[in-house]
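Q: What follows is the residue order along each chain.
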Amino acid sequence: MLKEKPLLKIRELTCIFGIGCSKCNSSTGPLAGTNICSYCGSIVACADVSFDLYDGEILGIVGESGSGKTTLVKCLYFDTPASAGEVYFRAYKDGKVNILALTAQEKRYIRHHLMGMVYQDHHDGLNLDFTAGGNIAEKLIAAGTYHVGQIRSRAAELLQRTEVPVARMDDLPRFFSGGMKRRVQIAKALANNPPLVLLDEVTTGLDVSVQARVLDLIKKLQRELRLSMIVVSHDLGVIRLLTNRTMVMKTGRIVEMGLTDQILEDPQHPYTQLLVSSII
Amino acid sequence: MTEILKVSGLTKVFNLHLLGGKKVIGCKGISFHLKVGEVLGISGPSGAGKSTILKCIYRTYTATAGQAFYIASNGNIVELLGAPENDVLKLRQQEIGYVSQFLRVVPRVSAMHVVAEKLFLNGYEESQALKVAACLLEYLGIPKDLWEASPVTFSGGQQQRINIARAVVNRPRILLLDEPTASLDEQAKQRVNDLIMDLKQSGTAILIASHDQENLERVADRILFIDHIDESKLRRDNRNVCKVAHN
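From first to last, the protein sequence lines are chains A and B. Note that my numbering has the first sequence beginning at 1, numbered continuously upward. Note that my numbering has the second sequence beginning at 281, numbered continuously upward.
Hints listed in this document are in silico derivations from the structure and should not be mistaken for laboratory results. The structure presented is a predicted model; accordingly, all values stated were derived computationally and were not measured. Just so you know, not all the hints are guaranteed correct.
List of simulated lysine to any residue pairs, SDA-like, C-alpha gap at most 25 Å [said to hold, decoys possible]:
(1) A:K9 x A:H122
(2) A:K219 x B:L401
(3) B:K424 x B:I351
(4) B:K302 x A:Q273
(5) B:K411 x B:D478
(6) A:K219 x B:Q408
(7) A:K219 x B:W427
(8) A:K219 x B:H491
(9) A:K219 x B:V386
(10) B:K370 x A:D52
(11) A:K220 x A:Q273
(12) B:K303 x B:T344
(13) A:K220 x A:D55
(14) B:K315 x B:E359
(15) A:K5 x B:D478
(16) B:K424 x B:V386
(17) A:K9 x A:H123
(18) A:K220 x B:D507
(19) B:K303 x A:I279
(20) B:K370 x A:E265
(21) A:K220 x B:A429
(22) B:K303 x B:D507
(23) B:K370 x A:T80
Here are a few chain A residues that face chain B, going by a calculated C-beta distance under 10 Å [what the hints assert, rightly or not]:
(24) E4
(25) E12
(26) A142
(27) T145
(28) V148
(29) L215
(30) G258
(31) Q262
(32) D266
(33) P267
(34) P270
(35) Y271
(36) T272
Glycine included, C-beta positions come from ideal geometry on N, C-alpha and C.
With the rest of the complex left out, here is chain B (with noise of 0.2 Å):
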C-alpha cells in the first residue's frame, strides 16, 4: 500500500492572549503515517488531544510545530500544515473530508441540500447531486420524511450521520472523523462501520478520533494511543503496534 499522509513532530500549542498569554498544549510530537485504503484510529482520554490532530491535519487549527505531507491526486506533494489557503480549500473541496464532532449547519437548509452541498461545488448537475445525497441518505437510514427538513432538528445520532453523510458524498482521497460514533446507538454505528468499511475498500485512508476504544477495535487496521503524560505509551491491539511520545 502506497502511502498517502506523513506526519512528523505535529505540535500544537495555544497560546491565550486573554488569559495573559496563558499557552496550553494540544498535542506534541506527533508522527505517524497513512496508507492509501488504511484505517487508522486515534485512541486516548478526553482531552489527550486526538481533535488537535485532525484539526491541525484540515488547517482548522495553525499547527506550531511539524509537517503533514500529503500526495495529492495528480501526484504532487503538499505540506498541509504550511499550504496556501487557495490550495487547502481546493484539496477541501475535492480530496480531504472532515467530519467534526458536532454538526454546524444553517438551519434553512434542508438535510438533502446539506449532503449535496459538496456536490455543487464541484460543480455537479442539481438533480445529480440531490439523487447522489438521496442514496447515502437512505443507505444511513435517515427516515425518507425528513429529507427536506433542516438537520438542526433530526436527533443528535442522525445529525451525527447527516454530518458523515456531508463529508464523505464526494468520496475523498483522505476522511479525518472526530467521534464518529459518539451519539450513536448499536445499529446507527454499525452502518456507519459498514461505511467506513466500504470507503476502505474503495482506498479512502481514514482517519478516526475516537475514545470508543472498543468499535476502534473493529474499525481500524491500527491504533495510536496518546495520553497527556511524559513518557511513550504502548498499546497492542490484535494487529498492529503504534508508539506516541506526547507532551
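Next comes chain A alone, as it looks inside the complex (with noise of 0.2 Å):
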C-alpha cells in the first residue's frame, strides 16, 4: 500500500492537572485504578496519548466519565494546555511543526481556520448573548471575513445545511431546543470549511429522535465534505454509526485500539470486554 501521511499526528500527549512530579506517570493508569498522582495528588488526565488520523477518517474515542476523553480533544483545540507531546497538524506548515509549541497567533490561526470544535457544553460553544447568525459570524470574523453580506450569506448557508431553520438566524441560541443548539454548534464548527472537526459527547442530552438526526446529519456532512473527524462519546451506538477506527481509554491512558468492528466483537483488554458487555 502506498503510504499515505496523516492528516494528524500524535505523540504522547500528556495533560497533567497540578504541579506534578516525575512520578505522576507510574503512580496512575489502569493498573494502578487512578488518575490521581499518590506522590503529589495531580490529576494526570490523559498520558502518552499517540495515534495518527488519516484524511476522511472518522475516530472515536470511548470510556468512562474522567477517563481524559474531553480533556484530550480540549488538548487539541488549545482550549487546555498540554504539559508534554508533539502533535504534528499535516493542514499546518505540512505537518513539520509540531502545533502545541506554537505561539498563541499561530494556535489561534489553526483554531480558527483548521479546525471546528462541537462542545457537550453549548455554554462552551455558543455564546447565548450573540444571535445564531452572530455565533456563526464570529468564526466567519475570526478568520478574516469582514463583508456583512458574505457573512450572513454564508451564515444562512450553514444554517440550511444543518437543517436550522434560516428565519431563526437572528434569534438567540438560549430560545432554541438542544438539538438546534448543537446544530448551531456544527454550524460554526463548518464555518470555515476546516479539514479536522472535533465533537466531544455530540448527542448527549438530546433525545433519541434529536439524537438520530444529528448523527445522520454528521454522517452526511462528513461525506459530502470528506472531513477527517475525532468523535468523543460514551454511547458505543453513536460510536458504532459514525466511526471507523476507535480508541479506548481508560483513567487518562489509550488501554486499546482498533478498527471500530473489531473493538466491539472482539475487543481484547479487559475494560473493552466490560465496556462492550455494559451495552444496553
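Reconstruct the complex from the two isolated chains, following the hints.
A: Written out as C-alpha cells, the structure reads:
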C-alpha cells in the first residue's frame, strides 16, 4: 500500500492538572486504577496518548467518565494546555511543526481556520447573548471575513445545511432546543471549511429522535465534505454508527485501539470487554 | 489461475477476561489458498469456526497467530492479519467484500442507499450509485415498492439479499460470505448462486462459510471441511480435495 501521510499525528500527548512530579506517570493509569498521583496529588487527565488520523477518517474515543476523552480533544483545540507531547497537523505547514509549541497567534490561526469543535456543553461552544448568525459570524470574522453580506449569506447557507430554519438566524440560541443548539454549533464548527472537526459528546442530553437526526446530519456532512473527525462519546451506538476506528481510554491512557467493528466484536482488553458487555 | 489469498496457520483464541481469563479456541492452524475467480467453500458443524476464519481475514477479529497474504490490485502483497488499520479500511472499501450472517443497518436508511453505500464511499455520483443499486436489487428480486423502505422491515430472506447486494455492489476482488443462503427459499437461493457464479466469472475470488453442504457443492470449486475434533479431516467432493487440521 502506498504510505499516506496522516492528517494528524499525535505523539505522547500528556495533560496533567496540578504541579506534577516525576512519579505522576508511574503512579497512575489503568493498572494503578486511578488518575490521581499518590505522590503530589496532581490529576493525570491523559498521558502518553499517541495515534494517527488520516484524511476522511472518523476516529471514535470511548471510555468512562473521567478517562480523559474531553481533555484530549480540548488539548488538540488549544482550550487546555498540554503538559507534554507533540502534535503534527498536515494542514498547517505540511505537518512539519509541533503545533503545541506554536505562539498564541499561530494557535489562534489553526483554531479558527483549520479546526472546528462541537462542545458537549453549549455554553462552551456558543455565546448565548449573540444570535445564531452572530455566533457563526464570530468564527468567520476570526478567520478574516468582514463583509457583512458575505457573512450573512454564509451563515444562512450553513444553517440550511445543518437543518436549522434560516428564519431563526437572528434569534438568540438560548431560546433554541438542545438539538438546534447542537446544530448551530456544528454550523459554527464548519464555518471555515476546516479539514478536521472535533465532536465532544455530540448527542448527550438529546432525546433519541433528535440524536438520530444529529448523527445522520454529521454522517452526511462528513461524507459530502470529506472531513476528518474525532468523535468523543461514551455511547457505543454513536461510535458504531459514525466511526471507522475506535480508541478506548481508561484513567487517562489508551487501553485499546482498533477498527470499530473489531473493538465491538472482539475486544481484547479486560476494560473494553467490560464496556462492550455493558451495552444495553 | 493466479493466487490472490494465501492463509497459513490461522489461529484465533478468545480470551474471556470477564470469565476469569477463560480461553476459547475459535479456529486453529487453518491454512488454505484462494485463486482469482475461484469459489472455496468452508463447511463444518456449528461452532467449528467457519465464521471465525472469515472474520479474522476481514479483521473483525484479531487473529492470535497465522498469516493471510493478499495480493492487492496494485500488485502489493498485504499481510491482512497484521496490516495497519488504515490499509485494511481502504481494502474493505475497494477490494474486500464481506457478508455477515445477519444484516445490521441503520433503520432510517432506505434499501437503495444501504446497497449504494460503498459506491458513495468510492466517490460515485448519487444518481449513478443509485442506478447501480437499483439494477442489483432488481436482479436479486427485491420488489420495487420496497426499495425506498429500510431493510429492517424486510423478511429474513430479503434482508439477506440486501446484505449480499451491499457487499458486491462495487465488484470486490475477494468476497467473504458467511452463510449467504441460510434463510433463503430455493428460488432466492438460486438467484444468489447465479450472482456468485457471475462474480466468479468476472474474476472475484469467493470464500463461502456455510453448513448447507448441498448448496456448497453446487457453487464451490473446492470445499474445506473443518471440525472440532483433533485430527485431520478429509472430505471429498466431485472436484477437489482439501485437508484441514483443526484444534
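Q: Would you mind marking each hint as holding or not holding in the structure?
A: Hints versus structure:
For the hint pairing A:K9 with A:H122, the CA-to-CA distance comes to about 28 Å; that exceeds 25 Å, so the pair is violated. Of the supplied pair hints, the one linking A:K219 and B:L401 holds, its CA atoms being roughly 12 Å apart against a limit of 25 Å. Between the alpha carbons of B:K424 and B:I351 the distance comes to roughly 38 Å, so the proposed pair goes past 25 Å and is violated. At most 25 Å may separate the alpha-carbon atoms for a hinted pair to count; B:K302 and A:Q273 meet this at roughly 13 Å.
Between B:K411 and B:D478 the CA atoms are separated by roughly 19 Å; this keeps the pair inside 25 Å, and the hint holds. This hinted pair checks out: A:K219 and B:Q408 have alpha carbons roughly 20 Å apart, not beyond 25 Å. Between the alpha carbons of A:K219 and B:W427 the distance comes to roughly 21 Å, so the proposed pair stays at or under 25 Å and holds. The suggested pairing of A:K219 with B:H491 is violated, with an alpha-carbon distance near 37 Å, which exceeds 25 Å.
Straight-line distance between C-alpha atoms of A:K219 and B:V386 comes to about 12 Å, which keeps the hinted pair within the 25 Å bound. Straight-line distance between C-alpha atoms of B:K370 and A:D52 comes to about 15 Å, which keeps the hinted pair within the 25 Å bound. The suggested pairing of A:K220 with A:Q273 is violated, with an alpha-carbon distance near 31 Å, which exceeds 25 Å. Under the criterion of a C-alpha separation no larger than 25 Å, the hint pairing B:K303 with B:T344 is consistent with the structure, at around 12 Å.
Restraint check for A:K220 and A:D55: satisfied, since their Cα atoms lie roughly 16 Å apart, inside the 25 Å limit. For the suggested pair B:K315 and B:E359, the alpha carbons sit about 16 Å apart, so the restraint of at most 25 Å is met. The hinted pair formed by A:K5 and B:D478 fails the criterion: a straight-line CA distance of about 38 Å is larger than 25 Å. With a CA separation close to 20 Å, the supplied pair B:K424 and B:V386 stays within the 25 Å bound.
For the proposed pair A:K9 and A:H123, the alpha carbon gap of about 29 Å is over 25 Å, so the pair is violated. Proximity of A:K220 to B:D507 is assessed by CA-CA distance (about 45 Å); at most 25 Å being required, the pair is judged violated. Between B:K303 and A:I279 the CA atoms are separated by roughly 22 Å; this keeps the pair inside 25 Å, and the hint holds. For the suggested pair B:K370 and A:E265, the alpha carbons sit about 20 Å apart, so the restraint of at most 25 Å is met.
With a C-alpha separation of about 19 Å, the suggested pairing of A:K220 with B:A429 holds against the 25 Å cut-off. Restraint check for B:K303 and B:D507: the C-alpha separation of about 18 Å stays at or below 25 Å, so the hint holds. Only pairs whose Cα atoms come within 25 Å are accepted, and B:K370 paired with A:T80 is rejected, the gap being roughly 34 Å. A least Cβ separation of about 7 Å between A:E4 and chain B falls short of the 10 Å threshold, and the interface hint therefore holds.
Interface restraint check for A:E12: the shortest CB-CB distance to chain B comes to about 19 Å, outside 10 Å, so the restraint is violated. The restraint placing A:A142 at the interface with chain B is violated, with a minimum CB-CB distance near 32 Å, outside the 10 Å limit. Annotation: interface hint on A:T145 violated; nearest CB of chain B at approximately 30 Å, more than 10 Å. The criterion of a C-beta within 10 Å of any C-beta in chain B is not met by A:V148, whose closest approach is roughly 35 Å, and the hint is violated.
Here the hint on A:L215 is kept, as its CB sits about 9 Å from the closest CB of chain B, short of 10 Å. The restraint placing A:G258 at the interface with chain B holds, with a minimum CB-CB distance near 7 Å, inside the 10 Å limit. The interface hint given for A:Q262 holds, since its Cβ lies 6 Å from the closest Cβ of chain B, which is under the 10 Å cut-off. For the restraint placing A:D266 at the interface with chain B, the shortest Cβ-Cβ distance is roughly 4 Å, inside the 10 Å limit, so the hint holds.
Hint status for A:P267 relative to chain B: holds, with the closest Cβ pair at about 9 Å, below 10 Å. Given the 10 Å rule on beta carbons, the hint for A:P270 holds: about 4 Å separates it from the nearest Cβ of chain B. With 10 Å as the threshold, the beta carbon of A:Y271 comes within range of chain B, its nearest partner Cβ sitting at about 9 Å, so the hint holds. Proximity of A:T272 to chain B holds as hinted, the smallest CB-CB distance being about 9 Å (cut-off 10 Å).
In the structure shown, a violation is registered for the earlier hints numbered 1, 3, 8, 11, 15, 17, 18, 23, 25, 26, 27, 28, in ascending order.
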